[in-house]
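If you read the sequences in order, they're chains A and B.
Under this note's numbering, think of the first position of the first sequence as 1, with each following residue one higher.
Under this note's numbering, think of the first position of the second sequence as 1, with each following residue one higher.
Everything labelled a hint here was simulated from the structure, so no lab data went into it.
All C-beta atoms in this analysis are idealised placements derived from N, C-alpha and C, irrespective of residue type, glycine included.
Mixed in with the good hints there might be a few duds.
Heads up, incomplete: computed chain A residues facing chain B, CB under 7 Å, no partners named [unchecked claim]:
id	residue
1	P41
2	A172
3	L193
4	A282
5	L285
Beyond 10 Å from chain A on every Cβ pair, some chain B residues (computed) [unchecked claim]:
id	residue
6	H17
7	A22
8	R127
9	S163
10	G201
Chain by chain, the residues run as shown.
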Amino acid sequence: MHIPDGFLDTRTIIATTALSTAGVGVALQQVRTRVEARRAPLIGLAAAFVFAAQMLNFPVAAGTSGHLMGAVLASVLLGPAAGVLVMTAVLVVQCLLFADGGLLVLGANVFNMAVIGPLGGYGIYRLLRFFLHGTRGMVAAAACAAWASTVLAATCCAGELAWSGTVDWHAAFPAMANVHMLIGVGEGAITGLVLAAIARTRPELLDASMPSRHQGIAWIAYGFLLATGLLLFVSPFASSWPDGLESVARGLGFEQRALMSRSIASPMADYRIPGIGSPVAATMLAGFAGAIVVFVGSALLARGLVPPPSPQPPTREP
Amino acid sequence: MRHDFLDRYSRLHSPIHRLPAALKAGAAFVIVLGAATVPLPGVWFFAGATLLLPAVAAMSRIPWSFLLKRLLFLEPLVLGIAVLSLLRPDGLSLFAGIMARSTISLCTMILLSNTTPFADILALLRRAGAPRILITILALMYRYLFVLIDEAERMSRARLSRSPGISRLERWRSFTALLGQLFVRSTERAERIYAAMCARGWE
Chain A
1 MHIPDGFLDT RTIIATTALS TAGVGVALQQ VRTRVEARRA PLIGLAAAFV
51 FAAQMLNFPV AAGTSGHLMG AVLASVLLGP AAGVLVMTAV LVVQCLLFAD
101 GGLLVLGANV FNMAVIGPLG GYGIYRLLRF FLHGTRGMVA AAACAAWAST
151 VLAATCCAGE LAWSGTVDWH AAFPAMANVH MLIGVGEGAI TGLVLAAIAR
201 TRPELLDASM PSRHQGIAWI AYGFLLATGL LLFVSPFASS WPDGLESVAR
251 GLGFEQRALM SRSIASPMAD YRIPGIGSPV AATMLAGFAG AIVVFVGSAL
301 LARGLVPPPS PQPPTREP
Chain B
1 MRHDFLDRYS RLHSPIHRLP AALKAGAAFV IVLGAATVPL PGVWFFAGAT
51 LLLPAVAAMS RIPWSFLLKR LLFLEPLVLG IAVLSLLRPD GLSLFAGIMA
101 RSTISLCTMI LLSNTTPFAD ILALLRRAGA PRILITILAL MYRYLFVLID
151 EAERMSRARL SRSPGISRLE RWRSFTALLG QLFVRSTERA ERIYAAMCAR
201 GWE
């Protein structure tokens, strides 16, 4: 999902860099004020851990192998702000040390994988935790959120590519989303399995990672960033009103781009019929179906992995 | 340390390696910026870069096989996304443009990362005003990256030699248990590092 240099136009680079700077800034502020000083080395080591974990390949099938992104794993283990910083550090090192992911588009990559990934994933994780309790609930919710974060980040990545005019949304979104719906299954499974393994051996590490409740302003800022990103990069294409995109483009003073986007948006008229005719609609449908399948799958995974809690009455997933 | 190979060549001695890091990073940034923004036929720019980059690579004395391997490793990722642009109405010229832009940028970044030690880049970032915590995190991450990769590989080798011929499901379970164990060890190491940092007067 690392975007290389040369794929995004100036407008997208500026927008994503601004958004990811704001996200990393809020996370830094939060770590500086809320997290005790001993966490700084832990975040660095966790980043090295995510990097090392990404280098271990998992056998998938027929010679192919997948590896972890680690965004939800990091934010569940260390809290969302630390998760953002861990993923940012991983992406910066990948860019500067291994030329994996472009330099100018670092902002876009950080936004997709270090802001949308951990924060969107963590938001989903917390939502699911409202009705999934106990260790089993944690494993199931984290596995689900890891899948969702992968798909979200890929969708955002497709939106940025389409926004830049390099790739047609009708090609980019189905390609990216469908591939990452499959990759995300691996991500979710690995995240759930690793968390279950940690819960078996060192459960106190998981209890320590619960953030304090009073982080209102940071959450508002995070929510605002996520909403802005999704509105900016994804909604112009997901909505069936090409005019919306044009007016946004005109408002930003990019008439020339708007001309190009009209050529993107025009096939949408042909695909207006809701149903399987359009690859975008089919992908969205697959996404909803996939989310349900993943939810059931992660509940089963958690049930298989985590022994029922003996002291308290057993909690069951809905 | 076995994983030194990841950035082994960034500490060679050559005219390019001796240049100040700020100059190299600045030049790389200009080339990448140029590659991203030059209007598209851009024959002069791309011809110039195509002459300049191999010359720099030759002067840096990094083995060609290493540079080519890195390029061949990363180029498919570029190609994978660029192929999608072929579906656009003006696909072929767009595809060629994207490939030119990103290949030049990729070569530039490969050269920069292999001629400049990461510590120098971090010092540069610090002087440019990057937040102190972020620099600390990056420095620690870089310092322990190789240690943890080594540790992961040792654990993985030990696991493989203890349990040959297990099913795929079992392999996944033991791999993830290994990752969990690696995280536990990382946190323990972080505690020790923090204690050592405090003992040396950190903050």
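Legend entry - Interface exclusion of B:R127 relative to chain A, criterion Cβ beyond 10 Å: 15 Å, holds
Inset, instruction - Against chain B, run the beta carbon of A:P41 and see if the smallest gap drops under 7 Å. - result: 5 Å, holds
Legend entry - Interface hint for A:A282, Cβ within 7 Å of any Cβ on chain B: 16 Å, violated
Legend entry - Closest CB of chain A to the CB of B:H17 still more than 10 Å away: 16 Å, holds
Inset, instruction - Please verify that hint: A:L193, Cβ, nearest Cβ of chain B, below 7 Å or not. - result: 3 Å, holds
Legend entry - Least C-beta distance between B:S163 and chain A, which was stated to exceed 10 Å: 14 Å, holds
Legend entry - Given as non-interface: B:A22, partner chain A, CB spacing beyond 10 Å: At about 14 Å from chain A, B:A22 clears the 10 Å cut-off, so the statement holds.
Legend entry - Proposed interface contact between A:L285 and chain B, which counts if any beta carbon pair is under 7 Å: Interface hint status for A:L285: violated (21 Å vs cutoff 7 Å).
Inset, instruction - Have a go at the A:A172 hint: is there a Cβ in chain B nearer than 7 Å to its own Cβ? - result: 6 Å, holds
Inset, instruction - Verify that the Cβ of B:G201 lies farther than 10 Å from every Cβ atom of chain A, and report whether the claim holds or is violated. - result: Holds: least Cβ distance 13 Å, greater than 10 Å.
Comparing the model with each numbered hint stated earlier shows that hints 4 and 5 do not hold.
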